[in-house]
Amino acid sequence: MAVSDPSEVQTLVQQMQDKFQTMSDQIINRNILCFLRIDDIEKNIGDLMSQAKDESTDPEQYGTHFANLKRTIS
Numbered sequence: 049m050a051v052s053d054p055s056e057v058q059t060l061v062q063q064m065q066d067k068f069q070t071m072s073d074q075i076i077n078r079n080i081l082c083f084l085r086i087d088d089i090e091k092n093i094g095d096l097m098s099q100a101k102d103e104s105t106d107p108e109q110y111g112t113h114f115a116n117l118k119r120t121i122s
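Here this note's numbering is used: the first residue of the sequence shown is 49, the next is one more, and so on.
Do not rely on the hints blindly, as some may be mistaken.
[Stated by the list, open to error] Between beta-carbon pairs, the in silico distance windows are:
1. LYS101 <-> GLN65: 29 to 37 Å
2. GLU90 <-> SER55: 51 to 59 Å
3. THR59 <-> ILE86: 49 to 57 Å
4. LEU60 <-> ASP95: 47 to 55 Å
5. LYS101 <-> ASN79: 27 to 35 Å
Quick caveat, the hints were computed from the structure, so don't treat them as lab data.
Each residue gets a CB set at the ideal place from its N, CA and C atoms; glycine is no exception.
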């Protein structure tokens, strides 16, 4: 199928540009979603690390047995 009419060529070029723009928008949107998920994961990891640090410095979190053991070791 050879296209020789300039208006047909222009139409095909426009259709291709539209398809590429749509694909580009989809890729950008997926990347944004991935970055948002990564940000959430990083925040959750930070929260877990803070929680773990708090628990490791508070022997009462583990009950009196752990507190007694810690005193015995110290």
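**Asked** Which numbered hints are broken by the structure, listed smallest first?
**Response** Hint check: 1, 3 fail, others pass.
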